[in-house]
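Asks: Residue numbers (this note's numbering): 991 to 1104.
Treat the hints as calculated values from the structure; they're not laboratory data. The model shown is predicted, which means the values in this text are computed figures rather than measured ones. C-beta: ideal position from N, C-alpha, C; glycine also. Be careful, since some hints might not be right.
What the hints assert, rightly or not - Label pairs and their computed distance ranges (CB to CB):
#1 P1016 x R1059: 26 to 34 angstroms
#2 R1059 x R1014: 29 to 37 angstroms
#3 T1068 x Q1011: 17 to 25 angstroms
#4 G1026 x T1068: 16 to 24 angstroms
#5 P1016 x T1062: 18 to 26 angstroms
#6 S1032 x A1073: 12 to 20 angstroms
#7 R1030 x P1069: 15 to 23 angstroms
#8 R1024 x R1059: 19 to 27 angstroms
#9 P1069 x R1034: 15 to 23 angstroms
#10 P1016 x T1068: 16 to 24 angstroms
#11 D1087 x D1017: 12 to 20 angstroms
#12 D1072 x K1098: 15 to 23 angstroms
Stated by the list, open to error - Heads up, simulated EDC-like pairs for lysine to aspartate or glutamate below, C-alpha to C-alpha not over 16 angstroms straight-line:
#13 K1098 x D1042
#14 K1021 x E1035
#15 K1098 x E1035
#16 K1083 x D1017
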Amino acid sequence: MAVRAHTSDRSTEGVANVAAQLVRWPDLALKRTRRGIGFRTSGREIVRMSGDHTAELLLTTAVIDRWARVLTDCRRVTPGRDAGWVTMTIEGKADADLFLSLVSVAIKVNQASR
């Protein structure tokens, strides 16, 4: 389950601004790829950013199942390409704040599962 925002009022608060914040997080390591950038924790990729406003996050299937209704209701999350991943469009400060909060959850669940 992943969330995508569909609005025409795009803000400057996009993936680049979120990535600039994530670079400073001690539990994350930046990794550049030919598709964009990603972030790893405990050797596992948990964030993929390949566009100006779209990011993917490894929340794990267990978290997605447990939070399915909340993620669906917020209208920002849609299923990702791979199991356990969600996709989110980041178009404003509220989206960025939500994504950063979900990254915190992803770090915790992915470090615990190792």
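Asks: Which hints from the list above does the structure break, by number from lowest to highest?
Replies: Hints 5, 8, 10, 13 and 16 not satisfied by this model.
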